[in-house]
Amino acid sequence: MYAQLVDTGAKRVQSLEELSPEDRAFQERIDAGVKIEAKDPMPESYRRTLVRQISQHAHSEIVGMLPEGNWITRAPTLKRKAILLAKVQDEGGHGLYLYSAAETLGVSRDQMIADLHAGKAKYSSIFNYPTLSWADVGCIGWLVDGAAIINQIPLCRCSYGPYARAMVRVCKEESFHQRQGYDIMLALARGTAEQKAMAQEAFNRWWWPALAMQGPPDKDSVHSAQSMAWKIKLFSNDELRQKWLDQTVPQAHYLGLTVPDPDLAWNDETGHWEHGPIDWDEFYRVIKGDGPCNRDRLRARVKAWEDGAWVREAAVAHAEKRAARERVKAA
Amino acid sequence: MGRQDALFEYLLRLGDSALVLAQRLGEWTGKAPIIEEDLATANTALDLIGQARMWLAYAGEVEGKGRDEDRLAFLRDASDFRNVLLVEQPNGNFADTIARQFYFDAWNVRALDALRGSTDARVADIAGKSLKEARYHFERSADWVVRLGDGTDESRAKMQAAIDDLWTYTGELFAADEVDRILAESGVGFDPGSLHAPWMDAVKQVLDEATLVAPAAGYMQRGGKQGVHTENLGYLLAEMQFLQRAYPGGQW
Ligand SMILES: [Fe+2]
Ligand SMILES: [Fe+2]
Ligand SMILES: [Fe+2]
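Residue numbers (this note's numbering), protein chains in the order written: chain A, 1 to 331; chain B, 1001 to 1252.
Think of the hints as simulated: they come from the structure by calculation, not from any bench. Using N, Cα and C, we set each Cβ at its ideal position, and we do this for glycine too. It cannot be assumed that every hint is accurate.
Beta-carbon label-pair distances, calculated as ranges [stated by the list, open to error]:
hint, chain 1, residue 1, chain 2, residue 2, range
1, A, Glu274, B, Asp1080, 52 to 58 Å
2, A, Ser108, B, Ser1079, 38 to 44 Å
3, A, Asn204, B, Asp1201, 32 to 38 Å
4, B, Asp1191, A, Val328, 42 to 48 Å
5, B, Ala1246, A, His272, 55 to 61 Å
6, A, Pro260, B, Ser1079, 19 to 25 Å
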């Protein structure tokens, strides 16, 4: 979800018998529930896949600051402003934990950021949608952070130690994120007719992208199977989506919102909600760069980085001067 | 002017200055030179919003007309704002933002320290709660003045330009008017002029370490504390107050 379509380099999952002795030993450790640490031997494809997944996740946190950040200066009360600032600040912190986790695999933060800016690394499709009204901020917290929690709680048990530990720290903050979003929606739902309309309008726009964000259906996901064998993905896309749907539909009803899906139905036999067809063309289109905000998001990140170059250079230069003075003093 | 009216004005000055600066810092979200500074900027903004809320809530109580922190923040026009001109100046580049913060922090630390001894228990309490945060803000902004001043040629030039540029807005922090005098006399506030020398010492010490030149004394702009602002404030308020203005009476 925050990491979508992560390429594992595998066409299909190989059985234990087909693997080389080293890879087989590695897979057996994973199967036995052993945590892999940075210095442990690991197949190159496992390492590369993790770098892709964790860096995508980190980029999503950082790019994800932009749509909500868009409303910090316009939050309707001082309390909401403070809560939103704290929330967006948390997301930046998540980005930092995740970059650090990825760095344990031998890639630098600067390199990952360069890949993002060059368009080589992806981030979640969901952050390429705009925040047009205050209700969008509510929808992101409620729906997107809600989806993030469902995806990230299992990742606290993933096979790679540094990633699992980063996820534990991230998850501690996510429930506050979802609650503040839901709370914004609740205030709008109890508000004036205009506020209710604002909530419904934003919900209409976020529903389908949020439903799609866990990634394509299982039948179309070769890489998912390999990631699941490596235990860096614990549930399939469809399982995660189902959990999110079952959790979210009753909340939407409680808020008095109409789910913009005429096929949405409760299945008494399975005890699950069922949704209509997702427009996967749109999903792939947004991933490939033609979402409403892809260009703006990337441009904003690149601009921040380039505008800040002289500051980073100055910090390095100052640290070097200081170190040189210390050396003179010590001598 | 009566004591209550003066106290109300005084609390607005404190609250509005913190609020307007926080609003400016919020504009940096996602745009800082490095993620760590994005977080640190948000942190400072959060502290300042917290301080603003305490000052404004008390201001509303002192006024006694049923205005709470949000009605004061979102439903007053520019001429009713009492923040100093310094904090409403635009973010500019990172050096401009740091210079603005540095001048303000150097003052805020000393103002809050003075207000800790206020004869008004509520003022003393708010000041006491805010002082630790302000000290940390000053440490950070002073640190950046030094790093940018004593960094590269480019960063020194930018930092010096920012320090020079905003200098004209610092005098207002120390200029007393009737409100200041009434509050100083009753021991609720302090004489603003008394902070000038210690502020100047602290600023000069940091500029020195930063290999920067302290600006020469020059004309000092004023008017913010009395509600006559620069053109910048109107836009800032238009953005900040948009929802409350567009949807009057809504609960959020
Ligand atoms: Fe997130
Ligand atoms: Fe996050
Ligand atoms: Fe979050």
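Structure-based check of each hint:
Distance hint for Glu274 of chain A and Asp1080 of chain B: a CB-CB separation of about 55 Å, consistent with the stated range 52 to 58 Å. Separation of Ser108 of chain A from Ser1079 of chain B is about 52 Å and departs from the stated range, judged on CB atoms against 38 to 44 Å. For Asn204 of chain A paired with Asp1201 of chain B, a C-beta distance near 60 Å fails the hint of 32 to 38 Å. At about 45 Å, the CB distance of Asp1191 of chain B to Val328 of chain A agrees with the hint of 42 to 48 Å.
In this structure the hint that Ala1246 of chain B and His272 of chain A lie 55 to 61 Å apart at CB is violated, the actual value being about 40 Å. Between Pro260 of chain A and Ser1079 of chain B the beta carbon distance is about 45 Å. The supplied range of 19 to 25 Å is therefore violated.
Hint compliance for this structure: hints 2, 3, 5 and 6 are broken, all remaining hints hold.
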